[in-house]
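Q: Sequence:
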Amino acid sequence: MATQKARADSLSLLLFTLRSGKLMAINLLKVSEIIPCPPLTKLPESHPHVKGVATLRGNSLSVIDLSRAIGEMPLADPDGGCLIVTEISRSRQGLHVQAVSRIVHCLSTDIKPPPYGSGNRSFITGVTRVDNTLVQVLDIEKVIHGIAPPPHEPHPGEVSEEDASLLAAANILVVDDSQVALQQSVHTLRNLGIECHTARSAKDAINVLLELQGTDREINIIVSDIEMSEMDGFAFTRTLRETPDFQHLYILLHTSLDSAMSGDKAKLAGANAILTKFSSPELTNCLVTAARAVVFEER
Numbered sequence: 001m002a003t004q005k006a007r008a009d010s011l012s013l014l015l016f017t018l019r020s021g022k023l024m025a026i027n028l029l030k031v032s033e034i035i036p037c038p039p040l041t042k043l044p045e046s047h048p049h050v051k052g053v054a055t056l057r058g059n060s061l062s063v064i065d066l067s068r069a070i071g072e073m074p075l076a077d078p079d080g081g082c083l084i085v086t087e088i089s090r091s092r093q094g095l096h097v098q099a100v101s102r103i104v105h106c107l108s109t110d111i112k113p114p115p116y117g118s119g120n121r122s123f124i125t126g127v128t129r130v131d132n133t134l135v136q137v138l139d140i141e142k143v144i145h146g147i148a149p150p151p152h153e154p155h156p157g158e159v160s161e162e163d164a165s166l167l168a169a170a171n172i173l174v175v176d177d178s179q180v181a182l183q184q185s186v187h188t189l190r191n192l193g194i195e196c197h198t199a200r201s202a203k204d205a206i207n208v209l210l211e212l213q214g215t216d217r218e219i220n221i222i223v224s225d226i227e228m229s230e231m232d233g234f235a236f237t238r239t240l241r242e243t244p245d246f247q248h249l250y251i252l253l254h255t256s257l258d259s260a261m262s263g264d265k266a267k268l269a270g271a272n273a274i275l276t277k278f279s280s281p282e283l284t285n286c287l288v289t290a291a292r293a294v295v296f297e298e299r
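Residues in the sequence shown are numbered from 1 upward in steps of one, following full-length UniProt numbering.
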């Protein structure tokens, strides 16, 4: 590939602190509002990391004790602090934090992968520096998955023999910097009898594409996250569309953000489709559509 240099997209981060005082961040697009911590109702037999349920404009909202969820000391004032209300992956929840600091604007290239050795138990997807202070970007999907794993969905095998044959012939690369999200996608594919290639970053994905190019395993379908460190899904898509050897790839952007909000940007980047995480049946349908398009293109 002519370049592996990351393309830069703008990104807004909401900075917040827990008891330790270290700065953490979450993508502002995942935040719907910030409110003082309201009175909470504790539900019996709830997960120990769920502080309780708040009532917000007549609707119930589960509140996660973020400090406990990521293994830190609880807040000094358990009834103080504030809630960051998030909407991701078709769910809504409140994150109880010490305080919200501010909003900062940066480039996707400013977000670097977590330090080596942080391990699978680390609840961060990347790190960056703001005013020479290290900021950790929260892997909110992993936090939520640890508290409320998605319900077991029926085997996504409701596909015709023809579609099953198309899927079996596809060579799919799944790209996601969240280990939880990556495993969910891989699990869906394996339930369809499909083994796929995986990458944890756009850079790693490019290396996989180059390695398999010209072989019988050459990739023809990419399922990529949007929020990734160094090079996000939009920049990754544009890079592929500008590279002659990879212009033909079918690209599905798979995001925890509301796909309706990101649809226009995905189209401008050159993606074939966009889907909100996570629905195994919907991912299956999108993959069938992708496999049909690939076969039609090859003909």
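These are computed hints drawn from the structure, not numbers from a lab.
It is possible that part of the hints are untrue.
[What the hints assert, rightly or not] Pairs of lysine-lysine, DSBU-like flavour, derived with a Cα cap of 35 angstroms:
1) K42 to K22
2) K30 to K42
3) K265 to K42
4) K265 to K22
5) K203 to K267
6) K265 to K112
7) K265 to K203
8) K42 to K267
9) K112 to K203
10) K30 to K267
Q: Taking the hints in turn, state whether each one holds.
A: Quick rundown of the hints versus the structure:
1. K42 to K22: 28 angstroms, holds
2. K30 to K42: 25 angstroms, holds
3. K265 to K42: Given pair K265, K42 is violated - Cα atoms ~41 angstroms apart, limit 35 angstroms.
4. K265 to K22: 33 angstroms, holds
5. K203 to K267: 22 angstroms, holds
6. K265 to K112: With a Cα-Cα distance of about 23 angstroms, the restraint between K265 and K112 holds, given a limit of 35 angstroms.
7. K265 to K203: Given that 35 angstroms is the threshold and the Cα spacing comes to 21 angstroms, the pair holds.
8. K42 to K267: 44 angstroms, violated
9. K112 to K203: 12 angstroms, holds
10. K30 to K267: 20 angstroms, holds
Checked against the numbered hints above, the structure violates hints 3, 8; every other hint is satisfied.
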